[in-house]
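Visitor: What follows is each chain in one-letter form.
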Amino acid sequence: MKVTLGAVSRPGESLVNKTGSWRTLSKPRFLHQNCTACDMCALHCPEGCIYGEEENTYQNDEAYCKGCGICARICPVKDIEMIPEVAEDD
Amino acid sequence: MPKVKERDKSCDHLFASGHTACPGCGQSMAVRLVLRAAGRNVIVVNSTGCLEIFSSKFGESSWEVPYIHSLFENIAAVASGVESVLRATGRLDEVRVIAMSGDGSAADIGFGAISGMMERGHDVLYVCYDNEAYMNTGIQRSGCTPYYARTTTSPPGKVSQGNPRPKKDLPQIILAHGVPYVATASVGYINDLDKKVKRALSIRGPKYIQVHVPCPLGWGSDSSRTIDIARLAVNSGLFPLYEVDSGELNVRKIPKKVPVEEYLQLQVRFRHLFGSDGAREEVEQIQRVADENIEKYGLMSK
Numbered sequence: 001m002k003v004t005l006g007a008v009s010r011p012g013e014s015l016v017n018k019t020g021s022w023r024t025l026s027k028p029r030f031l032h033q034n035c036t037a038c039d040m041c042a043l044h045c046p047e048g049c050i051y052g053e054e055e056n057t058y059q060n061d062e063a064y065c066k067g068c069g070i071c072a073r074i075c076p077v078k079d080i081e082m083i084p085e086v087a088e089d090d
Numbered sequence: 001m002p003k004v005k006e007r008d009k010s011c012d013h014l015f016a017s018g019h020t021a022c023p024g025c026g027q028s029m030a031v032r033l034v035l036r037a038a039g040r041n042v043i044v045v046n047s048t049g050c051l052e053i054f055s056s057k058f059g060e061s062s063w064e065v066p067y068i069h070s071l072f073e074n075i076a077a078v079a080s081g082v083e084s085v086l087r088a089t090g091r092l093d094e095v096r097v098i099a100m101s102g103d104g105s106a107a108d109i110g111f112g113a114i115s116g117m118m119e120r121g122h123d124v125l126y127v128c129y130d131n132e133a134y135m136n137t138g139i140q141r142s143g144c145t146p147y148y149a150r151t152t153t154s155p156p157g158k159v160s161q162g163n164p165r166p167k168k169d170l171p172q173i174i175l176a177h178g179v180p181y182v183a184t185a186s187v188g189y190i191n192d193l194d195k196k197v198k199r200a201l202s203i204r205g206p207k208y209i210q211v212h213v214p215c216p217l218g219w220g221s222d223s224s225r226t227i228d229i230a231r232l233a234v235n236s237g238l239f240p241l242y243e244v245d246s247g248e249l250n251v252r253k254i255p256k257k258v259p260v261e262e263y264l265q266l267q268v269r270f271r272h273l274f275g276s277d278g279a280r281e282e283v284e285q286i287q288r289v290a291d292e293n294i295e296k297y298g299l300m301s302k
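Heads up: the protein sequence lines correspond to chains A and B, in order.
Its first residue numbered 1, the first sequence is counted upward by one per residue in our numbering.
Its first residue numbered 1, the second sequence is counted upward by one per residue in our numbering.
What the hints contain is simulated information worked out from the structure, not anything from laboratory work.
Keep in mind that this is a model prediction, so the values were computed, not measured.
Worth double-checking, as some hints may not be accurate.
Not close to chain B: a few residues of chain A, all C-beta gaps over 10 Å, as computed [unchecked claim]:
id, residue
1, K18
2, F30
3, E47
4, V77
5, K78
Dumping the calculated DSS-like pairs for lysine-lysine here, alpha-carbon to alpha-carbon at most 25 Å [as the list claims (entries may be wrong)]:
id, chain 1, residue 1, chain 2, residue 2
6, B, K57, A, K2
7, B, K167, B, K57
8, A, K27, A, K2
9, B, K253, B, K195
10, B, K296, B, K168
11, B, K57, B, K168
12, B, K57, B, K195
13, A, K78, B, K168
14, B, K167, B, K257
15, B, K257, B, K195
16, B, K256, B, K296
17, B, K9, A, K18
18, B, K257, B, K296
19, B, K168, A, K18
20, B, K167, A, K78
Yeah, the Cβ is synthetic: ideal placement off N, Cα and C, and Gly gets one too.
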């Protein structure tokens, strides 16, 4: 690893850290049916990994989502559900 | 379909993904919301604690704003120094200084430095993330740990029901310094938090906000229930939300009082108070703390 002068870190370097591999049991599924784009899921996500602009466009970034389930609980129209995390080769 | 109000999202991700906080961490959520309210023109000074550990590993910094980490005890002193340099170079109008620490640093180890910062009147916003114990080092009791919580240094057993001492009322201690703005906030109420950070940063002088941040690991709660638990703490009266703005007290009223049991039962750290050999007296004592808060701050609409 190259150490910069004064060992200063660059902004937002943590994106190299794909914390999505931490998920064990479940992950959110965005149903895209009743979403009103209220933004509650994006604002409450501890990872800051939910993005969306309009109704029914919100989506989590699975590279970082740790599967905590807060978005599914906070969604006022129950448009997010937690589904079992399944390995890719299943 | 009502048109959704357009909102500026440019500051939503000043705290980048890929930090290594536990799933469901209330603190990582709060940090992102505080930065979102504060905007880009801030310098963050951070003490040792969970936040520093999960956000600032070398080569994996989550911060999109200037950030400095020092020690547990001197965070307010470092923030005072940063502010003094900005003042001396005439740049205090351009940048705001935010000191961030956990409750261990604020209430115990760095307490003297905060008092000094408040007394000298530095133009710094101090944000204390209150998760009610030293979570980073393995859940030891802090001055902000509430009555009868299980921590590794206050274990319940034959002669003890957990932490025997009440939670230190840090906001009121800071308020006694005569600072212009002191507030409590919670990740359960993010609009309230957003408003308080913006209000604090619009004021010159020392400011203090204590944010209640549930810790799934230390409190033994389900990671998806972080927000529910934060709201139950507020609505039971155990963590009153208020601000004191130039001496004027504004409280967030509780719509319907929730019994403290509902809050306590969701957390493993209070589990020893329930069950067959439950501790009725202790639960009642916690209820009295909540009732006293409701009375003291007038949290219920008359």
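Visitor: For every hint, state whether the structure bears it out.
Guide: Evaluated hints:
With a closest Cβ-Cβ approach of about 7 Å to chain B, K18/A is found to fall inside the 10 Å limit, against its non-interface label. With a least beta-carbon separation of about 16 Å from chain B, F30/A lies farther than 10 Å from that chain, consistent with its non-interface assignment. Look at E47/A: its CB is around 5 Å from the nearest CB on chain B, not clear of 10 Å, so calling it non-interface is violated. The Cβ of V77/A lies farther than 10 Å from every Cβ of chain B, with a closest approach of about 13 Å, so its non-interface assignment holds.
Non-interface status of K78/A relative to chain B is upheld: no Cβ of that chain comes within 10 Å, the nearest being about 14 Å off. Using a Cα cut-off of 25 Å, the hinted pair K57/B and K2/A holds, with the two alpha carbons roughly 14 Å apart. Between K167/B and K57/B the alpha-carbon distance is near 31 Å, which puts this suggested pair outside the 25 Å criterion. Under the criterion of a C-alpha separation no larger than 25 Å, the hint pairing K27/A with K2/A is inconsistent with the structure, at around 35 Å.
As the CA atoms of K253/B and K195/B are separated by approximately 16 Å, the hinted pair is consistent with the 25 Å bound. Distance check on the hinted pair: K296/B and K168/B sit about 16 Å apart at the alpha-carbon level, within 25 Å; holds. This hinted pair does not check out: K57/B and K168/B have alpha carbons roughly 31 Å apart, beyond 25 Å. Proposed proximity of K57/B and K195/B is contradicted: the alpha carbons are some 31 Å apart, above 25 Å.
Restraint check for K78/A and K168/B: the C-alpha separation of about 38 Å exceeds 25 Å, so the hint is violated. Taken as a hint, the K167/B and K257/B pair is honoured in the structure, with Cα atoms around 21 Å apart against an allowance of 25 Å. Taken as a hint, the K257/B and K195/B pair is honoured in the structure, with Cα atoms around 24 Å apart against an allowance of 25 Å. Taken as a hint, the K256/B and K296/B pair is honoured in the structure, with Cα atoms around 17 Å apart against an allowance of 25 Å.
Between the alpha carbons of K9/B and K18/A the distance comes to roughly 23 Å, so the proposed pair stays at or under 25 Å and holds. Between K257/B and K296/B, the direct Cα distance comes to roughly 15 Å. Compliance with the 25 Å bound is thereby established for this hinted pair. For the hint pairing K168/B with K18/A, the CA-to-CA distance comes to about 38 Å; that exceeds 25 Å, so the pair is violated. Taking the CA atoms of K167/B and K78/A, the gap is about 36 Å. The hint is violated against a cut of 25 Å.
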